[in-house]
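Each chain is listed here by its residues.
2 protein chains.
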Amino acid sequence: MPLWRVFIFVSVALNVAALPLLLHQYIVSHPHHPGVISPDQQHHACAPPPGTSGAAARAPSTGKPSVTSDSVINLDHGDPTMFEAFWRETGDAAELVIPGWQTMSYFSDVGNVCWFMEPPFDQQVRRLHRTVGNAAVDGYHVLVGTGSTQLFMAALYALSPADAAEPTSVVSTAPYYSSYPAVTDFLRSGLFRWAGDANSFVGDAYIELVCSPNNPDGAIRDAVLSSGAGKAVHDLAYYWPQYTPITRRADHDIMLFTVSKSTGHAGTRIGWALVKDREVARRMTKFVELNTIGVSKDSQLRAAKVLSAVSDGYVDGDASRHRLFDFGRRKMVERWRMLREAAAASGIFSLPAETSVRCNFANETAANNPAFAWLRCDREDVEDCAGFLRGHKILTRSGNQFGADPRYVRVSMLDRDDAYDIFIRRLASLK
Amino acid sequence: MPLWRVFIFVSVALNVAALPLLLHQYIVSHPHHPGVISPDQQHHACAPPPGTSGAAARAPSTGKPSVTSDSVINLDHGDPTMFEAFWRETGDAAELVIPGWQTMSYFSDVGNVCWFMEPPFDQQVRRLHRTVGNAAVDGYHVLVGTGSTQLFMAALYALSPADAAEPTSVVSTAPYYSSYPAVTDFLRSGLFRWAGDANSFVGDAYIELVCSPNNPDGAIRDAVLSSGAGKAVHDLAYYWPQYTPITRRADHDIMLFTVSKSTGHAGTRIGWALVKDREVARRMTKFVELNTIGVSKDSQLRAAKVLSAVSDGYVDGDASRHRLFDFGRRKMVERWRMLREAAAASGIFSLPAETSVRCNFANETAANNPAFAWLRCDREDVEDCAGFLRGHKILTRSGNQFGADPRYVRVSMLDRDDAYDIFIRRLASLK
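Residue numbers (UniProt numbering), protein chains in the order written: chain C, 1 to 431; chain U, 1 to 431.
Honestly, I wouldn't trust all of these hints.
Because identical chains cannot be distinguished in the list, a pair is counted as satisfied if it fits within a single copy or across any two copies.
The calculated EDC-like cross-link candidates involving lysine to aspartate or glutamate, where the alpha carbons are at most 16 Å apart (straight line), are [stated by the list, open to error]:
1. Lys-393 to Asp-253
2. Lys-276 to Glu-289
3. Lys-431 to Asp-138
4. Lys-286 to Asp-185
5. Lys-64 to Asp-197
6. Lys-431 to Asp-405
7. Lys-393 to Asp-421
8. Lys-64 to Asp-109
9. Lys-64 to Asp-163
10. Lys-331 to Asp-92
11. Lys-431 to Glu-89
12. Lys-431 to Asp-76
13. Lys-331 to Glu-289
14. Lys-331 to Asp-405
15. Lys-431 to Glu-341
16. Lys-431 to Asp-316
By construction, these hints were calculated from the structure, which means they are not laboratory data.
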């Protein structure tokens, strides 16, 4: 039976040939399976491109160096690396691929007030706010900035009359975010000038900064001033379900947000503003145009991908999805429990009281778990809490930088687990 | 022979099953083959993620709308989309993949003066300057900025004494880049103030901006002022082989560069400064920290990938490589030939003379082919050249915005072929 035999040999040969392809196909189609590094990383790690003159191309940064039990623990900045663990879990859901020829132009959307904003970013910002219910988007202009800090300066520029004899006074209720006075005054602008605590301000023309939940102390804030000539800028960087119950859909004239605190992507430097008035939106856009001629489109597209992945987590009732705010709330509840236990064990520290109200997003009663701890050292002989903690290799930001008592410090609650655990152990041991 | 028959059926079945896998494997393993769109694009184009409520996720922007023979042609801005064609040719050589969890921290390199700079960016900037020979890097600090515009402001901040009674005077020889006065004065800073043409400046304390090759007219410039109290900032955005012969390795105190003009990636908003003095570098870094708390790490990594691909093109003598500066010079030589012919055909325009000297990089004599044409309308009855051209649906920037005669206009030479060709035809037809 020679024909049969030939046919069998061919069949066996084809099957054998198919095996490596099956294997290869599996590897190629699962490059971002947890534990498998991406082709780009492989490139950096194993195959330096020609012409790096022997030296391998250097890898992307990983943030602050890793810590050991006797390291200095730096909780001065609100570096949100706590969220890295979540994004590793999501695999390639938030991975971005940028071809070399993409988004090379200065222009993104010539018909939009914010002509340098990528349409997918605008779309995903609106979608996420509708998903969370923390801010109104209908009838608002979305503006993108290089972090919300740039949009903060843009708002001061847009709200300060160019023809005013005196700079417009910029105020905020103490304790206020330490960057507000620094960013307002570092260029000694003739348009605006820091004027301190809103509660002690006298006058009609002002810009009041309302940060809620407040940096540094997590308090829910409303504007304290009101006058026809006064304006308010609402900094809602922390108005997300992992930090505080969502009690209403905010609908202020100017609202600022950032991915740094909502998703943890501080390195992308992307913030956004929701602005009611078209002329204010136009002037804020003009500021960004003069300051940096627009905003990184690569980071806008990455932010759009990240925000989309967050919203995707809450589509339909499928609890198997990766859900950022669930992860964030679990972590923050656990960390605040650890902190309150450590403060109690130490006996020389006090913290703001925990409050709970109904969260419209979680659809249950939830506590506030601020991104920063506003820690007070109660020991009589300690007048400089930051200095006292520095002596124990814990770096925090002193209350006096927030227009408050130096017996207080601001402590970041968003660092990596290893650093946070060491901080907790050290704090509990202080007497 | 039942056994034979069974074996044959199994073999045939397995071969049939293998076919689709073979096909799938081909598609997956060649996602970036020219003409095949990437998985990311496929995702956007074909498979909107769950929860986009029916609407497909929007695609990244493509810059200004495409043009037809009767469109308004906008050559007001130096939008460098001419380079898109080159980067499409390079396939995935400059493609960047960013995992969702990468570079989330504010910090990139805590030991560096510029603590937010990605090490691969620093590495590739130094490597490219060594490849081209246009600027010294040994003994210099590299600083990254959100475009060179942010670093321009950072330099003014760093060079202006904080304790001076009067703002420091900022000057540049006319015609000067139209953004210099606008960016210097828009916040009415008490630290620095625009003081106009350097040639008419009287005094000791100043900051002189030296743009070479010069925007708008392509002239090779040196500082015109010199005094112990005076400082110079050299804007070398156009000191690359596609625009001008490389005649020396520049080694000024502060030198500014940007990917917008070197590689065409304006949308990434990445510029860099080479700074000799550590204290100046520290103050410039402080400006970027206060202004935007660092610079997009996504764009820094993309710029590093792009700069690496440019340097790779000039490794060893392999002329088969994709070479950016060869592409750029070919295009600029062709476009300037077309422009001079069109001006001659029209008879009412004049252009700067072409000059040629030896280029150390190309190792041959080369002409200057500026990124902008400094075009003069010689018609007696036309005093506003920009208005005249606008009447023929050609948008340019008027000479008076550069401190010069409005009979001159600045025309971008870096737009896409279709727009440039329409501009040339229209210009040649004007009498």
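Results of checking the hints against the structure:
1. Lys-393 to Asp-253: neither (43 Å within a copy, 38 Å between copies)
2. Lys-276 to Glu-289: neither (20 Å within a copy, 29 Å between copies)
3. Lys-431 to Asp-138: neither (53 Å within a copy, 51 Å between copies)
4. Lys-286 to Asp-185: between (20 Å within a copy, 13 Å between copies)
5. Lys-64 to Asp-197: neither (33 Å within a copy, 46 Å between copies)
6. Lys-431 to Asp-405: neither (21 Å within a copy, 75 Å between copies)
7. Lys-393 to Asp-421: Within one copy only: 14 Å inside, 65 Å across.
8. Lys-64 to Asp-109: Cα proximity of Lys-64 and Asp-109: across copies only (8 Å, versus 36 Å in one copy).
9. Lys-64 to Asp-163: neither (45 Å within a copy, 34 Å between copies)
10. Lys-331 to Asp-92: neither (22 Å within a copy, 39 Å between copies)
11. Lys-431 to Glu-89: Cα proximity of Lys-431 and Glu-89: none, with 39 Å in one copy and 66 Å across.
12. Lys-431 to Asp-76: Neither, since 22 Å and 67 Å both go past 16 Å.
13. Lys-331 to Glu-289: Intra 38 Å, inter 29 Å, cutoff 16 Å: neither.
14. Lys-331 to Asp-405: Close neither inside one copy (29 Å) nor across copies (64 Å); limit 16 Å.
15. Lys-431 to Glu-341: within (14 Å within a copy, 84 Å between copies)
16. Lys-431 to Asp-316: neither (50 Å within a copy, 66 Å between copies)
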